[in-house]
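Heads up: the sequence lines are chains A and B, in that order. Under the working numbering, the first residue of the first sequence is numbered 1, with each subsequent residue one higher. Under the working numbering, the first residue of the second sequence is numbered 278, with each subsequent residue one higher.
Quick caveat, the hints were computed from the structure, so don't treat them as lab data. Be aware that a few hints might be false.
Rough simulated footprint, nothing fancy, chain A against chain B, three-plus residues with beta-carbon under 8 Å [claimed, not checked]: (1) 410 to 422; (2) 454 to 462; (3) 493 to 504.
Listed below are several chain A residues computed to face chain B (Cβ distance under 7 Å; list not exhaustive) [what the hints assert, rightly or not]: (4) Val-62; (5) Ala-175; (6) Phe-179; (7) Gln-181.
Everything numeric in this text was worked out from a predicted model, so none of it was measured. Glycine included, C-beta positions come from ideal geometry on N, C-alpha and C.
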Amino acid sequence: MDTLFERAAEALDRARTGDGFGPMPGAEPEPESTALAALALDDGRARAWLADAQRDDGSFGVWAGPFDNDSPTALAALALATGPARERAIDHVLSNPARRVPADRITPHDPNLTGWGWADGTAGWVEPTARTLLALRLLRPNATAAIEECAGFLADRECVDGGWNYGNRIVYGLALPAFGQPTAVGLVGLHGMHVSGTDGDVVARGVDALRRLWRVEGGPLTLGTALAAFRLLDLPDAEGVVEHLQRSLDPVNTDVIALAWIALASGPNLSNLAVAT
Amino acid sequence: MSHPIDRRTFLRRAGTVAVGAAAVGVAAGAGVPAVLRRFDRPWDEAAFTPPGSPKVLVAPVASYDVDLESAVEEGLRGVGADVRGRSVLLKPNLVEFDRGSVINTDPRLVAAAVLAVRRLGASSVVVAEGPGHRRDTRYVVDASGLAEALEGVDAPFVDLNLAPVSRVPLRSRFTPLRELWLPTPVTDADVVISMPKMKTHHWAGATLSMKNCFGCIPGRVYGWPKNVLHWSGLQEAIVDIAGAVRPHLQIVDGIVGMQGNGPIDGTAVDAGVLVFGTDPVATDTTAAMLMGLDASGIWYLREAGRFLGQTDPERIRQVGEDPERLMTPFDVLPAFANLRIGSSGSSGDAETGLG
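The whole structure should be built from the sequences, with the hints applied where relevant.
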């Protein structure tokens, strides 16, 4: 029987469009899916597509009217080969944090921690901030202020019971629950760090939350990101996720972003994202 | 379901007697005084026909265990829906999933709608949604029971967060957005049917068939949540997006609705109704009234009533049950207390938040 990585990687490779990858098999290539596939497969063709897709300001993304969704840039930087293109991508990430959101009583948060957003000029959210954190720790470790900003943002947005949803801890006085996938991505960004939050060690509480959530939620994107988090944290929970995915993975009907996370998390190239501590 | 509406009662209950909708209340979000907005027409007049006299049908439906397929078929026939030979996209609300809550359009109703539009002659039917809070759409579709329900009627689901997109110029300009990326399954469908859950909304007052169009906006372009839209002005975005998607038909799931801190954290309320329509503004105006809310105080409805659809109860032809008889007052957050029919004034002001 093929390993989980072999199954996911084979399906992912079949899903490509030319040199790049779209969010669904055969769809027009886009930066996020291509960056994840390049990381998962260590794929030179995907890297070449990315290099061609880089914009003059070093970013990757899609134009969304008067807003520019540059959120794939951190992932693309991780996927690019060492060199000027990667440096320009990281420069762009560093110079484009999210918009500062004033304190408000409806969604309490620390207004001094902006994080990184999905689109330029909008608020910071968990997933883009966690991806920025990972990219900076690996590629620009001397950017300590930005790294601390990311970690602080994630601590500030941590859910009351640990872990993360998209990024709101409390709304109208009500504690919002954590979700599996953003919790996993938060842990991917924070692995190996010790960050204190309101209620203790943010990483340890995130791990507890992810242990509760992945079995309940169980979608392919949740499982792929959870496996990546558990493996980067060197936790035995990874074995349970692999067993679950071996049983449940339907490669033909799984989207490219989920497939790429599964291939990345189950294969040899995840080690490229491990931050030495 | 053939009781004619008592229009005088409807007018009184809707709280809009003899008052032009555009002239009432406080404009939210953009900070432009309402009196000035009356003279501002931020839409291409050639792109929108003036609001007419659309039909809306309110049907009493006590539970999800009745013959929903027949109820939907009768409701659509009642408003004159014609889907014969057309491709249909059903857009339920699955913004996220929380076990034990009533966030989502009930999967049994969605499945019934699939069967009903097939019976009415649709050439194809797909169900589509782009959840706004979760990236793992497969989880939401499975856990909500929608996947199983659709399997039972052999209908495909399309993830609008991942579907191909095309650029659509906006024909209204309430936000600074000048265009939207919309999924091609939405733009290519002959008929889009918005199927919202009847819910209060903590930043907009109510979320119905117009607000439900937010789920047509692809997350991979606009983020999770779709924060670009919030920064553009939530209520303004509701108007622009509904003006771009322009759902041809509406089926509001008010069998069990959500009150209080909706659209996610409210509580269930047995409202016992389905609302059908061909004009999303008229449908939402009627649904708001059924919730005990003064539609003229909901900013986005009031603005949409100037060009996109009908808010004047005098001109909405109620062809089903008397809405007054079926009204179930929904609890609202204190910020929206003035929306309650019978209160001293209306306030559609949306408080700001992160999204």
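Hint validation: A/Ala-175 versus chain B, beta carbon distance must be below 7 Å. Holds or violated? It is violated, given that the least Cβ distance between A/Ala-175 and chain B is near 10 Å, above 7 Å.
Restraint outcome when A/Val-62 is required to lie within 7 Å of chain B by C-beta distance: Check passed: Cβ of A/Val-62 comes within 5 Å of chain B, closer than 7 Å.
Do at least three Cβ atoms from the stretch 410 to 422 of chain B come closer than 8 Å to Cβ atoms of chain A? holds (count 10)
8 Å C-beta criterion, at least three residues: is the stretch 493 to 504 of chain B covered by chain A: holds (count 7)
Under 7 Å is the threshold here; is the Cβ of A/Phe-179 close enough to any Cβ of chain B for the hint to stand? holds, 6 Å
How does the coverage statement for the stretch 454 to 462 of chain B fare against chain A, requiring three or more residues with Cβ below 8 Å from a Cβ of that chain? holds (count 5)
Let's test the interface hint: is any C-beta of chain B closer than 7 Å to that of A/Gln-181? With Cβ-Cβ at 5 Å, under 7 Å, it holds.
The structure fails to meet hint 5 from the earlier list, while all remaining hints are met.
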